[in-house]
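These protein sequence lines map, in sequence, to chains L and D.
In this text, residue positions in the first sequence follow the numbering used here: the first is 1, and each later residue adds one.
In this text, residue positions in the second sequence follow the numbering used here: the first is 1, and each later residue adds one.
Since the hints were derived computationally from the structure, they do not count as laboratory data.
In this text the structure is predicted, and so the values were computed from the model without any measurement.
Where is the CB? At the ideal position from N, CA and C, for every residue including glycine.
One thing to keep in mind: the hints can contain errors.
Just so you have them, the derived chain D footprint on chain L, three or more residues with Cβ under 8 angstroms [what the hints assert, rightly or not]:
| no. | segment |
| --- | --- |
| 1 | 39-51 |
| 2 | 143-153 |
| 3 | 156-168 |
| 4 | 219-233 |
| 5 | 377-386 |
Straight-line distance between alpha carbons at most 20 angstroms, and here's what the computed DMTMM-like set of lysine to aspartate or glutamate pairs gives [unchecked claim]:
| no. | chain 1 | residue 1 | chain 2 | residue 2 |
| --- | --- | --- | --- | --- |
| 6 | L | Lys221 | D | Asp331 |
| 7 | D | Lys159 | L | Glu59 |
| 8 | L | Lys209 | D | Glu247 |
| 9 | L | Lys324 | L | Glu298 |
| 10 | L | Lys53 | D | Glu247 |
| 11 | D | Lys159 | L | Asp190 |
| 12 | L | Lys302 | L | Asp350 |
| 13 | L | Lys323 | L | Asp115 |
| 14 | D | Lys159 | L | Asp115 |
| 15 | L | Lys376 | D | Asp331 |
| 16 | D | Lys339 | L | Glu225 |
| 17 | L | Lys259 | L | Glu120 |
| 18 | L | Lys62 | D | Asp58 |
| 19 | D | Lys159 | L | Asp57 |
| 20 | L | Lys121 | L | Asp190 |
| 21 | L | Lys376 | L | Glu236 |
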Amino acid sequence: MSFQKLGMELLLIKLKMGGNKINNQNLNNNTDEEMVLNIGPQHPSTHGVLRLKTITDGEIIKKITPYIGYLHRCFEKHCENLTYEQAIPFIDRCDYIGSMNNDFGYAVAVEKLMDIKVPEKVEYIRVIVAEMNRIASHLLAVGVFGLDVGAVTPFVYCFRDRERILDLFEMLCGARLLYNYIWVGGVSHDFPIGWVEKTYDFLDYFEPKIIETNDLLTYNKIFIERTADVGVIPPEVAISYGVTGPNLRGSGVKWDLRKNDTYSIYDKFDFDIPVGTGAMGTIGDCWDRYYVRIRELEESLKIIRQALDQMPRDGDVYESMPKKIRPKAGHIYSRTESPRGDLGFYIESDGSATPSRLKLRSPAFTALSCMDEISKGWMLADMLTILGSLDIVLGEIDR
Amino acid sequence: MVDFYINLFSSIELIKSYQSSIFIISVLLAGIPIFGFMAVNALVAVYVERKVSAFMQDRLGPMGHGVGLHAGKWGVLQTLADAIKLLTKEDIIPESADKKLFLLAPCIIFIGSFVAFAGFPFNEFLIAADFNLGLFYILAMSSVGVIGIILAGYSSNNKWSLYGSMRSAAQIVSYEIPAALSLLPIVMLSGSLAFKDIVLAQTGSTLGILPNWFIFNNPFMIIAFWLFFIAGVAEVNRTPFDLPEAESELVAGWMTEYSGMRWAFFFLAEYANMFIVAGVATIGFLGGWLSPIPGYFDGSIWGVFWLVSKTSFLIFVMMWFRWTFPRLRTDQLMRMCWKFFLPGSFFVIIGVGLWDLIMR
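This is chain L alone, in the form it adopts within the complex (with noise of 0.2 angstroms):
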């Protein structure tokens, strides 16, 4: 069913590239008084290296056409080449920001596609850590959205709270932000030495600092003139676009695969799904999607709070990890949620210690093509901050 559900998707994304053809082609049909801009790929506010092909009338956005490929790397030809292990490191790089999540995902799914069942230790240990990414990247997309409506300070904030997110990674796994901890059928190490209490520091430190970005960004007039009813994605585009994750629970859909599609111990933990309620303006405007991202950094340290209460102190993670990874021929699609959305991977497996195919299905893409859409008619500013409230990764989007 699941794989009815890619070809699906595949199709889908046939169908845009198709259309962003026919597109380019209307884009010469200009009349004296539109303007096309680039926007991109060097440009300070399309988080990545991103180009925006806008036709501009005044300040009033025509057509937007994103191009991307910039940082293609080939991802998926790559891991047809690399045994299941070597594969890790690559998908690290692929959202960079939400690293661990993307481990989380691919060890999910090979672990389905073997049948190995891991020790519980090792999922709480897995769970912890991914929400901890979820924070960190959270965090990143409340700061830069505040970069791209122009307030400064509170990006500031965001990143020294997540330093000490990065810190706690390194002092984990000595990466800080390519992390290559969650391995197939476990973890690289167990927690270090008072690794534990440190969490709990952080979360304690963590709690008032959400109440802080509240007070300076989310109920600051201008910032709720900026961001409420503006890029509104209405419940159905979302749907009909496959857009996921902070996204489309910002338009008032509950979707969540921690909950909907539940994996790994989530059914354990007890903890909401926000959604956008349209507070400030319209269901599934930039405030909304933003709100969504503030609300779930709390839930995410509900979360961690509960696994770090509830994990078992002893046991080895390297109990369930097989010597050599050699799936039998088969197939399986899984599906996590990443900071992002729904992180999916298909894995087409022939027996021999590599992938025959490995494809990863990238929330911030879908995402990203609804652009076009939801920014139509709004002014050269709004745009930017519609694609703020995104939260796209471009090493994602281009794999």
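We have chain L already, so just place chain D on it with the hints.
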């Protein structure tokens, strides 16, 4: 100061007959200190801005420590190093730019704020050119810069620059009006456009303790002060009104193509304009060079001190704005100007007039 120098030189028998030379020398003698002041003001303000932003953001800002080549203790030499870097940088003019206008634009922007400084009083006597309509003159001159901004945006032949200059033209021209209208109550209360008379009208004390500044004159004046100050922030393109150079939208707006010394001139002008807006607010509403404790610490030197410190405080408030608020959108900016600021300033004018009529 110019009149003073002309009189001084004319009284010397030896050079009495060279009237035109005397005039030029007098103007230079009055003008060069202004240039010096503008440069020092920019150096200090940039350093303070960096430190203020750093402290607001949990950072240290420019720092130097230990021996070796660095920016001095607490980074005090940082802006000097930046200035040297800017002055020695390669001078780049884009190939497709309109060269003449491209070179002219920084000059116009700089001249705009320099000329405005000529009418700005630091105390009763320290004013380069004493007009009897100084307020009017400064308001007029502070909008000369917009021509330079439009030229810069147009001549760069860059879409970002064009956007920036279009926004800037709309913004500055619009906010001129509420800024000027909210200064009218001062003219109504003091009955003069000359800075000297405006400040002299604020001497003494009111209600026993408060100094008799115009801001404490009546409740409407507090509104007028805020209207002028916010419109002034918009006029000098500072956050939350920094749309013309909005770095997250327009890369660097109208100054995208400028670098090196020309860009440094824009910077110089920006901080000079900040000083002028804050200074006019100080003179008009906060008693100019008068001491906050009526009757004490008055005098020429104290006057300069009070004026500069009050102005610096207002500049600090502008920096505070910048590191706290997000940016408005063009249409919101215009709506704010025409729907709130303009009616607001009319309301204040009527209010102050009625108050004065009834209370006096």
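Quick rundown of the hints versus the structure:
1. Against chain D, the segment 39-51 of chain L contributes 3 residues with a C-beta closer than 8 angstroms to a partner C-beta. That satisfies the three-residue criterion, and the hint holds.
2. Figure legend: the segment 143-153 of chain L, annotated as covered by chain D; annotation consistent (8 residues with Cβ-Cβ distances under 8 angstroms, at least 3 required).
3. Under a criterion of three residues with beta carbons nearer than 8 angstroms to beta carbons of chain D, the stated coverage of the segment 156-168 of chain L is upheld, 3 such residues being counted.
4. Coverage of the segment 219-233 of chain L by chain D holds. Counting CB-CB distances below 8 angstroms, 5 residues qualify, and the rule asks for three or more.
5. Only when three residues or more bring their CB closer than 8 angstroms to a CB of chain D does the claim for the segment 377-386 of chain L stand; here the count is 5, and the claim holds.
6. For the given pair, Lys221(L) sits about 16 angstroms from Asp331(D) by alpha-carbon distance, which is consistent with the 20 angstroms threshold.
7. A distance of roughly 11 angstroms separates the Cα atoms of Lys159(D) and Glu59(L); the hinted pair therefore holds under the 20 angstroms criterion.
8. With a C-alpha separation of about 27 angstroms, the suggested pairing of Lys209(L) with Glu247(D) is violated against the 20 angstroms cut-off.
9. Proposed proximity of Lys324(L) and Glu298(L) is contradicted: the alpha carbons are some 39 angstroms apart, above 20 angstroms.
10. Pair hint Lys53(L) plus Glu247(D) holds up; C-alpha atoms about 19 angstroms apart against a cutoff of 20 angstroms.
11. At roughly 54 angstroms between alpha-carbon atoms, Lys159(D) and Asp190(L) are farther apart than 20 angstroms, so this suggested pair is violated.
12. For the hint pairing Lys302(L) with Asp350(L), the CA-to-CA distance comes to about 41 angstroms; that exceeds 20 angstroms, so the pair is violated.
13. Between Lys323(L) and Asp115(L) the alpha-carbon distance is near 14 angstroms, which keeps this suggested pair within the 20 angstroms criterion.
14. With a C-alpha separation of about 57 angstroms, the suggested pair Lys159(D) and Asp115(L) falls outside the 20 angstroms cut-off, and the hint is violated.
15. Our distance criterion of 20 angstroms between C-alpha atoms is met by Lys376(L) and Asp331(D), whose separation comes to about 16 angstroms.
16. Restraint check for Lys339(D) and Glu225(L): satisfied, since their Cα atoms lie roughly 16 angstroms apart, inside the 20 angstroms limit.
17. Taking the CA atoms of Lys259(L) and Glu120(L), the gap is about 19 angstroms. The hint holds against a cut of 20 angstroms.
18. At roughly 41 angstroms between alpha-carbon atoms, Lys62(L) and Asp58(D) are farther apart than 20 angstroms, so this suggested pair is violated.
19. Distance restraint check for Lys159(D) and Asp57(L): the Cα-Cα separation of roughly 13 angstroms lies within the 20 angstroms cut-off, and the hinted pair is therefore satisfied.
20. For the hint pairing Lys121(L) with Asp190(L), the CA-to-CA distance comes to about 9 angstroms; that is within 20 angstroms, so the pair holds.
21. Between Lys376(L) and Glu236(L), the direct Cα distance comes to roughly 17 angstroms. Compliance with the 20 angstroms bound is thereby established for this hinted pair.
The structure shown violates the earlier hints numbered 8, 9, 11, 12, 14 and 18.
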